[in-house]
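Asker: Sequence:
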Amino acid sequence: MTTLSEGAAQTEQTSTTSPIPTSEKQRQSLASLLNKITSTRQQRAEEGEGSSTLNVSAQEQPELFLKKLQQCCAVFDFMDTLSDLKMKEYKRSTLNELVDYVTVSRGYLTEQAYPEVVKMVSYNIFRTLPPSESNEFDPEEDEPTLEASWPHLQLVYEFFIRFLESQEFQPSIAKKYIDQKFVLQLLELFDSEDPRERDYLKTVLHRIYGKFLGLRAFIRKQINNIFLRFVYETEHFNGVAELLEILGSIINGFALPLKAEHKQFLVKVLIPLHTVRSLSLFHAQLAYCIVQFLEKDPALTEPVIRGLLKFWPKTCSQKEVMFLGELEEILDVIEPTQFVKIQEPLFKQISRCVSSPHFQVAERALYYWNNEYIMSLIEENSNVILPIMFTSLYRISKEHWNPAIVALVYNVLKAFMEMNSTLFDELTSTYKSDRQREKKKEKEREELWKRLEDLELKRSLQSDGIIPT
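Position one of the sequence shown corresponds to residue 1 (the UniProt record's numbering), numbered consecutively onward.
Treat the hints as calculated values from the structure; they're not laboratory data. Careful, some of the hints might be misleading.
To be verified - Computed list of lysine to any residue pairs in SDA-like fashion (alpha-carbon distance at most 25 angstroms, straight line): (1) Lys348 - Lys443; (2) Lys341 - Glu295; (3) Lys263 - Lys341; (4) Lys259 - Arg229; (5) Lys310 - Ser355; (6) Lys202 - Asp100; (7) Lys176 - Lys263; (8) Lys202 - Ser392; (9) Lys341 - Trp312; (10) Lys439 - Ser376; (11) Lys441 - Lys414; (12) Lys211 - Val231; (13) Lys202 - Ser278; (14) Lys181 - Gln170; (15) Lys86 - Gln170; (16) Lys443 - Ser397; (17) Lys398 - Lys341; (18) Lys259 - Ser278; (19) Lys414 - Thr430; (20) Lys181 - Val231; (21) Lys202 - Glu261.
Said to hold, decoys possible - Derived CB-CB ranges, DEER-like: (22) Arg127 - Glu380: 21 to 27 angstroms; (23) Pro336 - Glu418: 46 to 52 angstroms; (24) Ser280 - Lys348: 24 to 30 angstroms; (25) Ser83 - Asp179: 30 to 36 angstroms.
Glycine is no exception: its CB is placed at the ideal position from the N, C-alpha and C atoms.
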């Protein structure tokens, strides 16, 4: 059984009920205590007392556990790499000890331990996040600012996760301390630039959501608020991908039938998230959430696809490719009855994508015909889809600049011809007739312009007296 080392805890008796140091004077006092503890450990080692730590009996461990938690409330300045080195190392060692202790020990989680754990965690992780070093920070291009205090912060997160996962953990006691205020502060930390911290926060929030039933609605509401502020106000929040990843698990656990608030969240929050410029940073997680909703309730397919078509990017080919990829994921799970409802507006947009001069957009749209399930849906509804697609496909087969696109178009036309040869022949004949009429009208326009130009020239010459009137 892992035991806590007593260190100098008996040298400096610290009350187990003392509050977190909030003033500079209190912090200095606690830092001074840690300095004395470190000196005492070194002195014992130099005097040949064997190990620099002392083990205590099982009966004394809960009390020592509380003292260790209080010692770890001291926060050090890691921006100054040379300051308080001994005390920083002592705290790191103590945090490691606490992590090991909560992982394997039993009987340490007394009711008195809960407030002390939450105090220690709160004092270490809750802080004002520093502003980005660059006002124009681009997560896709720039390196994130890593948290300087990570050597301590990581261990605090690790300890807290082990605490939440402990078999002895009792939510009925912990809910007095892990409350709405705690969750709000936790959610604010998701804006940290450090991806390591956001990854730990994701695990912590997921554990809290799973264990505290009374906080679930509040957590969903606050994530909702973060997303709305992100979409309509700031367009900046570093932890969108992590929050969406948590939501993916939450949505998967929704009971059926879905509540109205969940459907509203999908339509009013998740769909508008597609409009932000930084979509590529979290699109995979967003698409997963959308598909989870549709697998729960297929009737939501129509409003989702119409929402995507409403927000379809007009000037960003990269986002168009992402939209096309997400649409294919949706079509992979769509029911035939739902497909019929949206096939016309959907394939009008796909037709525009196929006609795009940007070859990646056209290529991604044409790849739909490589999907067996989508092909089966198209075949069942070829009498509706073929007339929508035919003109674009036939024109591209003759005019597109990229030979790879032309080859894909030929394959699609061939597939359509095999599906419904009669309709294909009718559309081919109609297209050629229309083209002939267009050419005839174009020729007539040219002849008319020529006559008008000749007439204007004649009048000009007559007015100049060059030719008689």
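Asker: For every hint, state whether the structure bears it out.
Answerer: Structure-based check of all given hints:
no.: 1; hint: Lys348 - Lys443; in the structure: violated (30 angstroms)
no.: 2; hint: Lys341 - Glu295; in the structure: holds (17 angstroms)
no.: 3; hint: Lys263 - Lys341; in the structure: holds (19 angstroms)
no.: 4; hint: Lys259 - Arg229; in the structure: holds (23 angstroms)
no.: 5; hint: Lys310 - Ser355; in the structure: holds (19 angstroms)
no.: 6; hint: Lys202 - Asp100; in the structure: holds (22 angstroms)
no.: 7; hint: Lys176 - Lys263; in the structure: violated (32 angstroms)
no.: 8; hint: Lys202 - Ser392; in the structure: violated (46 angstroms)
no.: 9; hint: Lys341 - Trp312; in the structure: holds (19 angstroms)
no.: 10; hint: Lys439 - Ser376; in the structure: violated (37 angstroms)
no.: 11; hint: Lys441 - Lys414; in the structure: violated (31 angstroms)
no.: 12; hint: Lys211 - Val231; in the structure: violated (30 angstroms)
no.: 13; hint: Lys202 - Ser278; in the structure: holds (20 angstroms)
no.: 14; hint: Lys181 - Gln170; in the structure: holds (19 angstroms)
no.: 15; hint: Lys86 - Gln170; in the structure: violated (36 angstroms)
no.: 16; hint: Lys443 - Ser397; in the structure: holds (24 angstroms)
no.: 17; hint: Lys398 - Lys341; in the structure: violated (32 angstroms)
no.: 18; hint: Lys259 - Ser278; in the structure: violated (30 angstroms)
no.: 19; hint: Lys414 - Thr430; in the structure: holds (18 angstroms)
no.: 20; hint: Lys181 - Val231; in the structure: holds (24 angstroms)
no.: 21; hint: Lys202 - Glu261; in the structure: holds (23 angstroms)
no.: 22; hint: Arg127 - Glu380: 21 to 27 angstroms; in the structure: violated (58 angstroms)
no.: 23; hint: Pro336 - Glu418: 46 to 52 angstroms; in the structure: violated (20 angstroms)
no.: 24; hint: Ser280 - Lys348: 24 to 30 angstroms; in the structure: holds (26 angstroms)
no.: 25; hint: Ser83 - Asp179: 30 to 36 angstroms; in the structure: holds (35 angstroms)
When held up to the earlier numbered hints, the structure conflicts with 1, 7, 8, 10, 11, 12, 15, 17, 18, 22 and 23 and fits the remainder.
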